[in-house]
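*Asks:* Protein chains in written order, with the UniProt record's numbering: chain A, 1 to 473; chain B, 1 to 473; chain C, 1 to 473.
Don't read these hints as lab results, they were simulated from the structure. Because the structure is a prediction, the values reported are computed rather than measured. Heads up, none of these hints are tricks.
Simulated crosslink set (DSSO-like; lysine-lysine; CA at most 27 Å straight-line):
id : chain 1 : residue 1 : chain 2 : residue 2
1  : B       : Lys59     : A       : Lys58
2  : C       : Lys291    : C       : Lys225
3  : A       : Lys398    : B       : Lys52
4  : A       : Lys291    : B       : Lys16
5  : B       : Lys386    : C       : Lys52
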Amino acid sequence: MGNCCERAANFFGPQKNTYIRVSLPAVCFVWQIAMVVLFGVFIRYDEESDEKGWNEFKKSHNITSNIENDFYFRYPSFQDVHVMIFVGFGFLMTFLKRYSFGGVGFNFLIAAFGLQWALLMQGWFHALDPVTGKITIGIESLINADFCCAGSLIAYGALLGKVSPVQLMVVTLFGVTLFAVEEYIILDLFHCRDAGGAMVIHTFGGYYGLAISWVLYRPNLNLSKRLNGSVYHSDLFAMIGALFLWMFWPSFNSAITNHGAGQHRTVINTYLALASCVLTTFAISSMSQKKGKLDMVHIQNASLAAGVAMGTAAELMITPYGSIIVGFCCGIISTFGYLYVTPFLEKKLKLQDTCGIHNLHAVPGMLGGFVGAIVAATATEEIYGKEGLIETFDLTGKFENRTMSTQGGYQAAGTCVAIAFGLVGGVCVGFILRFPIWGDPADDFCFDDEAYWEQESSPLYILMSFMQLTNMN
Amino acid sequence: MGNCCERAANFFGPQKNTYIRVSLPAVCFVWQIAMVVLFGVFIRYDEESDEKGWNEFKKSHNITSNIENDFYFRYPSFQDVHVMIFVGFGFLMTFLKRYSFGGVGFNFLIAAFGLQWALLMQGWFHALDPVTGKITIGIESLINADFCCAGSLIAYGALLGKVSPVQLMVVTLFGVTLFAVEEYIILDLFHCRDAGGAMVIHTFGGYYGLAISWVLYRPNLNLSKRLNGSVYHSDLFAMIGALFLWMFWPSFNSAITNHGAGQHRTVINTYLALASCVLTTFAISSMSQKKGKLDMVHIQNASLAAGVAMGTAAELMITPYGSIIVGFCCGIISTFGYLYVTPFLEKKLKLQDTCGIHNLHAVPGMLGGFVGAIVAATATEEIYGKEGLIETFDLTGKFENRTMSTQGGYQAAGTCVAIAFGLVGGVCVGFILRFPIWGDPADDFCFDDEAYWEQESSPLYILMSFMQLTNMN
Amino acid sequence: MGNCCERAANFFGPQKNTYIRVSLPAVCFVWQIAMVVLFGVFIRYDEESDEKGWNEFKKSHNITSNIENDFYFRYPSFQDVHVMIFVGFGFLMTFLKRYSFGGVGFNFLIAAFGLQWALLMQGWFHALDPVTGKITIGIESLINADFCCAGSLIAYGALLGKVSPVQLMVVTLFGVTLFAVEEYIILDLFHCRDAGGAMVIHTFGGYYGLAISWVLYRPNLNLSKRLNGSVYHSDLFAMIGALFLWMFWPSFNSAITNHGAGQHRTVINTYLALASCVLTTFAISSMSQKKGKLDMVHIQNASLAAGVAMGTAAELMITPYGSIIVGFCCGIISTFGYLYVTPFLEKKLKLQDTCGIHNLHAVPGMLGGFVGAIVAATATEEIYGKEGLIETFDLTGKFENRTMSTQGGYQAAGTCVAIAFGLVGGVCVGFILRFPIWGDPADDFCFDDEAYWEQESSPLYILMSFMQLTNMN
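Just chain A, with the same shape it has in the complex (with noise of 0.2 Å):
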């Protein structure tokens, strides 16, 4: 079978070497062995998952049942951040023909290694005890490490298929370390809220991963063009992708919201900007084509991109229909996006972006940002009661003089920070991506999980491959 596919491939063109024996065992044990010694360095338990250090804090907070231990306010939304990042990202990339091995085990790579590496970054910029020296990490950390990998997802959303797993480790470590220093400056220094990540997640991700493809563009990737889109099984896979991201995004906005009222609100805003983008989605997906038909595509990605423009307005109090507002907006957006924005990119910029994701995050992502710059600027006391407003936006110590107005100023320059971030970031690191050493495939050979993974050779696939050389479809 090996045999067959490589002759097939050599009839059109000599290969590029996707030889990785060396090069990946490398990285991912170098790497590793990085994190342990790091970690025995900087991280140790918090006071809250410290046996010793519980007790204490019990004491000292005079606290009289576990059950307020931060773990179970969070732990149900962090297995539900947990389930996005591995089996949504990951299943949501399975739709190529040819890809799905790629899409979901290399999604499995990056997250594994990016959230290691997420929890050394954001300990060094956010928890670093400055007597000790050390991190200290409870549930909070971990659900932030997967919102961290998530950013660097998203970019392999825009490269799916056409880059090695070597150099996705690399996009992970400069995604990673970009990340926590955008999000140092956006929520630390601006004092910004985005909750669910529109700003520090979403528009950083989408234009890093934008910004990579870009420099990383392939003038014959139409000899690939066989192996680039669905068949009718791949679309369903992607579609466990698409509903369980749909299904648990409330859980990713309000993981790490306020306690009480704040992770309510954030839940019923996120659920109904959702609900309401559905519909719209199908609505465009259905007015595009001559009979109406809708388009899997459409379906899978543009309904999600509500959850995305929800990230920081979410948590404030956008009432039940500004959510739906929100929504409805979206769901036509981010669809015209996958109608005419993609193709339009990719024909006039060389933007090749396999997955859209220019649509279902970093536009989505964008206008999150200004969404929730807006919300803000107009809170009031009346809205949210004084000790609610200086709590939700927590307006203490040298913040405690900050008026609404210019809480959204800072709201709406945090998410110029992360496009600044993810274009210049995306431009670097593509151009690191572009040394010859790092086992990516030829023009050829791209969408093609024979490059990267050991291949059962089914007599079907024979013939499926061969019905394809011989320009069946």
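Start from chain A and add chains B and C according to the hints.
*Replies:* For chains B and C alone, kept in the frame of chain A given last:
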């Protein structure tokens, strides 16, 4: 490919028009805009999700910890229910060989619309503040909205493959409306207990779908016979749906039961009944075939019947062995239904029930209603404690003096109301759906995603179509 | 189709009788009726799920809020464990090209029976009230019952495709029984800690399955070789199972650990070990193939080994970097196992291990037992605090004065007990399964759903069978 398939269809007879390019977008847009307006007028956060409200609530109720927000009692169950609605129901309906997109995709559309409409309808009937004229929503409202959708999704099971998405939107609009009314009668006027909805969800939804399907009877449906069945992989996709329904049914039944022992006991009862049901399903399925082979249809469906049948009684003190007995009987009854009743209904009653909702929802739901009536009628202070009896059946206010046998009588009457609403409502909706404006498929074009979904023209599919035409199966 | 396939089978040799029309229903019915009777005699709600009991419990323990019901500490983890048992284990076993129904279907049957029997067996050994003679159950009992099933499901992994469902019921009956006894010895008599069951679940289950498979050795299994492998889509289904196991393993290990910091820390440790394990699995998998291609079998299985190996130590203060080191080693050991040990076992020890449970459960479990012993032996008051040490190891009553090194010794001894129970029990059960009455398939009819499942006769399958017969692969 499209050509190939159309020609095949024409070979059997002329084709109805499945053009929905105007009607589907129109329905989606108009109804979604109506949602925006109605939400703007009516829907607000409740006091536990409103920033100001929750701070006041905590003070007035002397609550010190945010963990007592209803959110933390309900959110894990809510997410499980959400998975059941979108992945459970959705993937259970992917079992047809060429209608998996329609199964999971239209399920998605129905539920996304239905839950918004349900928040309004249920709000008007149950939660309209007479002073402010507003409906306030919290996590329990979201669960109830998901439940309300389930009624229409069950009805979709009977119609699967034979209706257009526009018709399904109509089914949902009326289904949710009828649901809210019968729920108001059963839960508020009759003051029944029905936490898992054996009556209000499953009995109603089942008979609603059956009645619609009966009105829409297609005498020449055997023209689509070649597609009315599963293939190997579509059965595996359906198994994903079946298992998520099965696993999360304890959450479904316990999602809105009383805090504390109520939720705890509901989970135990449902868990046991479902386990027991699996064994009798396997037994009857094996007995029914001459070599003892098992049928995936039974495993996917009948093993769920116990969850339905425990919908009312699970929160009561039915005892663990009582639960197992209910499961035992349900597995037998439901599997026999698939073996004998569904074919009988089709032949004698002219009722085409694609998924067999008669055996999975209608009959087990009705059974569950009566089991609940019996368990309620036999409830005593000895078993529940004085306080517990009042709490469990909410015997306060004007229901303070209701005896348990009266309660049992009302429970039984509630089941009858659910059946009546399902049958009468379904017949009326069925006649509406017979207008020739909805874009439903011709008799030889049912069970085919080709009607409403853009299809990849894979060589494999060409081959399959070719072989089907030449009678190779 | 049936004809076609039977003829193909007969071509290779005479066929054993897979007729189970009497035996399977008989076993299911009789055992399920036994469950009804035994539950009626023995099983009652515990005080936190009983309406009256909980009201009294709250008063006697001075509890004001329902949120302190054990249900709210355990339910989210329970549901995750439940998903692991039914979807995780079930879909992980769908990887074979024509045994996916058997993989997920028989897994369902085993677990549904096993959990009922486990509630009784574990109840008699751990929770029998000496006064009333009753077993009381609550949410923790359900988790333990799911855990107990896991032992038998692991054993199924070694037997996959080679046994009949009736044999699997026997495996489960004895597996659960043996489990309850060894668990009683290890947890009660030896007073070991083993919250995630590295010893009691994985070591026992692994060796139990291996011993059975060794006794049931089939010298002519290569007659079914054509079906003993995966196809593209079956590997994707298996990836669903693998990912749900991987994602929810933190819940598995923490489901029954101590409230508060105990559950919190267990999650962190398991999460980190699993992430680390993924990288070394990818590294070794890539190194092992001449072009550096990855093998899905490794990714699906070896990346889970860290969860197993953390089963005992995860709740202890193993430190974050300690967890990462365990994961690092497990990825290497387990992948090497798949590469070299499984083929060695098959050739030299006549042990056919379909899923490679030796590498995923037996060895990592044993390793986990010893890691736990070391971490326990090195525990100090300095690390845990005086109170914390007593709580973590439950050093009360007659174990008040046990030293940590003694504890470590008992932990190591517990691992040996688990191995012994697995091996001896497995050999005995294996001999029972060799009676020619169980309807197991002939050597040329293994790994084939045709034996026990009604099959759609798709033209595609006919084509595949045809090509397999004519040696196209």
